[in-house]
Amino acid sequence: MAAIRPSGDFDITYERDVAVLRQPWHWGVAIAFVIFLFTLPLFASGYLLGILNMIGITLIAVQGLSILTGYTGQISLGQAAFMAVGAYASTVLVTRWGVPFWLALPCAGLVAGVVGLVFGLPSLRIKGFYLAMATLAAQFIIPWFFRNVAKGLFGGTTGLVVPPPRLGSLVFDSGRMMYVVIMAVACLTTIVSKNIARTRLGRAFLSIRDSDLAAEVLGINIFTYKLRAFFISALYAGLAGSLWAHYARAIRPDQFDLTSSVWYLGMVIVGGMGSTLGPIFGTVFIRLLRELVIVISPWIGTLVPALEANVLAALGPMLFGLVIMLFLIFEPRGLAHRWEIFKAAWRLRPFAY
Amino acid sequence: MNWNLFPQFFVTGLLTGGVYALIALGLVIIYKSTRIFNFAQGHILMIGGFVAWWFMVNAGWPLWSAVLVAIVVAILLGLLIERLALRPLIGQPILSTILMTLALSQFLQGVAILVFGAQRQAFPELFPLKPLVLGPFGDIRIILKLPLVWSFVIAMVGVAAFALFFRFTKAGLAMRATAEDHQLAQSVGLKVRRIFGVTWSIAAVVATAGGILLGSISGIDPNLALVAFKAFPAVLFGGLESIPGAIVGGLTVGVVESLVAGLPKEAALREMGLAEITPFVVMLLVLLFKPDGLFGLKRIERI
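Protein chains in written order, with my numbering: chain R, 1 to 353; chain L, 1 to 303.
Isolated chain L, as found in the complex (with noise of 0.2 Å):
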């Protein structure tokens, strides 16, 4: 083990961290008010990173005009997906609800490469590319890299933003209703399917943030979508139901799979890439062992 190098993994796989959080708090805003896990999160967040990379691009706009209209392009998927996709389902089982995100995910992968081609794209440099050096404490120093020092903190703003909404604004409160129960809240008077499509859009919304972020870190491909499958288990880690801890989930994930990255001195553990698959371990030691994740609703069950 390199143990001088444990901060500089550290800081590099929280802030890497804050990115799977902000995919996974998609994931549970879904979750929360509809009872669906969208397999398609990845697909939505590539595509609105597809969108804002052409209109910049190719169109040439400024950057805060061509986030917006990506902001804009998010909103309607997630209206129409909701609308379209989703709704018709209502009251089937859960394996056709898991069986329509994932096909809608094929659907959109298919829909990106016929738009915008499956070649890998440059981003335009949205953050300056010079890293930020920190210390030196003794003899170590933390470098880190500005994207992803931006990402961190827009992702946490952006959960931070999502976590008082909910708690403070009426809409907040009509969503978490709805969460709790969709016949009680129609009954009190709440508009569960115009609930349903705010909460997809602002989903479609989150994702898209993730998919700026990570586009002007990595560049954009299609195969940008395959991220969110390491936001899966920062949801379960988290529970799937709270938002604290989807922020909690997606951390821990990143911070695990960077020191797995990094840590192991011997060259030969390192080659194995065993950071690829970390998280999915990490989700079957949860699964195998707390289910309902650290703040996820416990539901009583028994057989």
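Chain R extracted, bound-state conformation (with noise of 0.2 Å):
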């Protein structure tokens, strides 16, 4: 998928041309790769660590998206929401019933997933931006349920607490260890997202985005396939969710508002509609951008003083805007796009076509 492959190198076996990793070096700089990122957490700092953590949760739940928005081409505004359902799922399941948290976290995912269908049921009818109202109306009833109904159980306002995961003598309660957890969610999620894409399910998805109607008339039953997007989305999302609960070791019901939901929707647009490498690349992109404004903004106050105090909540949402913006206007096809240009210009190397 991501890989980089020089001029002359041809796909000469079917297993090879299916194939995601092609050459015996493909795979060494993934297991290379992979191993770097499993040992990281022993050299690296706590606050790289805390970046990671957020991009690794984030990539779980934009890669839900990306499935719904970026390959079936639904658009969804409660991604934040379903996130929710997920952290509250597994919180109450470890704290009340005594779940371990290993089996607490895809129950939250099949939880947020049967909550997504519930959602998704509209698109029968519906399309396009009466889509997006329905996921709009979840994404505020799913906070409101939450802050007001079963207060008992689910806290209200406040929220919850939240114990770290144990696993026998071992508790994940730093942001070490719950790294580990997180990427290898995150890893999971993204090869079977890359999976789906590469099936029959994926390019039902696909077909489903570029015209419903002749993915109709190819025999795709399209509501069935819609809501399968909609629940593996959402499952995805309960994943993110739970462990986000799990990491951050507090929940409430205002951390999952719809701001969230439209970042999510902006880390596809800005990675790249219909790629698993989107995802990537826009969280990663958009939440560096949000260290980089937690940097500057200290600064700009001491230049503008009398900014100081609003600049840090501004400047966020401004820069992500803009951003937004300026990649639907001059790359509507995301970093994604650059990067699939930048493989094809060194397939042709040193030929200029």
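Read the hints as simulated data drawn from the structure, not as lab findings.
Take the hints with a grain of salt, since some may be wrong.
[What the hints assert, rightly or not] 35 Å max Cα-Cα, derived DSBU-like pairs, lysine-lysine:
(1) L:Lys290 <-> L:Lys265
(2) L:Lys265 <-> L:Lys32
(3) R:Lys151 <-> L:Lys145
(4) R:Lys151 <-> R:Lys343
(5) R:Lys151 <-> L:Lys170
(6) L:Lys170 <-> L:Lys290
Using the hints, put the two standalone chains together into the complex.
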């Protein structure tokens, strides 16, 4: 997928043509990267790991959204709400029923997936903009539910305190420990995403995005496939929510607001729709942009003292909005498209075409 | 159910619905001619309110001149948004325009916080606060808050003015023609781009009026923008293309919200804040059972 290939490197067997990693050295690079990823907590600083943890959690949710929006073309403004479902489901399972985290994590994904199905049901009759409205309703109704219903169970506005995951005598109570779990799930979901895209399911999603009428004529049951996309997307969000709950160790309904959902959509756009690499690019790019804002805000504050009080709160949404707008105008296919262009150029080198 | 409170909550809801109708009107105006649903309408509203507030409180200008400045700013803002953000997206899929207005809302939110601050600001008193008491009819008294009454009246006048504008003026006719078919309108000599610009300006002015009215009722802060989300159900309920629909939808959402907030007798039910999500439940129901709304165009699309 991501591997760049020099000129003259052809696929000489069918197996190699459909493989993700086609050459031995691709395998080498991939394994080296995985080893690097999982040994990083041994020497990286806590600050860096904090950023990487947030990137990992966000990546899971954005991969899910990318399946729904990028592949299937259904707009969802409710990804953060489905994350909330996962976070609360996992917390309640662990604290009330004593379910171990390792079981609560997939359960949280399933619960969020089912809730996603419910809000995906309107896609039977409506599409495009109208569907965006239905998911917008989900984005308002779900946090309200956790805020106001069954306050004894969900803790109302103050939310819940979440215990750290345990494995035998190991307690995953630090960012360093959680990093391993988060990255493992992030890698797994990314690989699953990649494989969904390569199978019948993914091709059906793409055909629905490109033309639902033609897809139907080709024998794809649009409704069930749309629902599958909703389910997978919400399931990913649920996993992300569960990880977030056990990483942040405290959840409140207002952490899962519309703004987060809009940011996730923005990450899909910046990364590029309809690719597995896109969400990775988009998530890393936007998250790093946010870190940049945190770093440069005090500096701007000292330059222009009149703005000091508000610059941190203002710069984030301003820059984010601006970046999305610029991408929509100048590079609607996102960073992944740039990467494709680079790969194509590398493949042709040293010939011009 | 507290049925004897019904008239009070019904009237309050109707008056609040006036403001929703005004916001819905702005959304419908843009949708009618450009086929774009403006998720940033609430943020334009908030900025308009803030501009008027700034000139009244910080610059100490009289009300009418502050409102005038706010209107000019709104016109410029509308033109700028159309030219810089949405014109490049003509011909792009609907996802792009939705994301563009969402990104725009984030951008405007940031600008508002940067320029005006994140704190809630009190508006100078535009309307006397003394409530108007109707009745008693039997043992029922209806208390009307004057700012609400005025905002309702202004909203209704605005809506009526635009309905007449679309019906009887040449510019209104041009805008309706553009709404019908962009290419056809262009081919009969209408300047579609200019019409888009005018449309966005008008919608921004309508939003600014809403911002000033809402600000005078409850004060103003960047979160005021969220009120527009309650107008979305109103627009869908009434039908995306229909100005009468915007009014009916706005008033309905206002009334339903107010009744749900006030009528249940059980304190536990009232404390749940059901009113907060009522508009969105209404929206889901409309989407499920009548996606075209009451007066919207029925596009036949068989899958």
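Against the structure, the hints come out as follows:
At most 35 Å may separate the alpha-carbon atoms for a hinted pair to count; Lys290 of chain L and Lys265 of chain L meet this at roughly 31 Å. The hinted pair formed by Lys265 of chain L and Lys32 of chain L fails the criterion: a straight-line CA distance of about 42 Å is larger than 35 Å. Between Lys151 of chain R and Lys145 of chain L the alpha-carbon distance is near 34 Å, which keeps this suggested pair within the 35 Å criterion. At roughly 53 Å between alpha-carbon atoms, Lys151 of chain R and Lys343 of chain R are farther apart than 35 Å, so this suggested pair is violated.
For the proposed pair Lys151 of chain R and Lys170 of chain L, the alpha carbon gap of about 57 Å is over 35 Å, so the pair is violated. For a cut-off of 35 Å, the pair hint linking Lys170 of chain L to Lys290 of chain L stands: about 33 Å separates their Cα positions.
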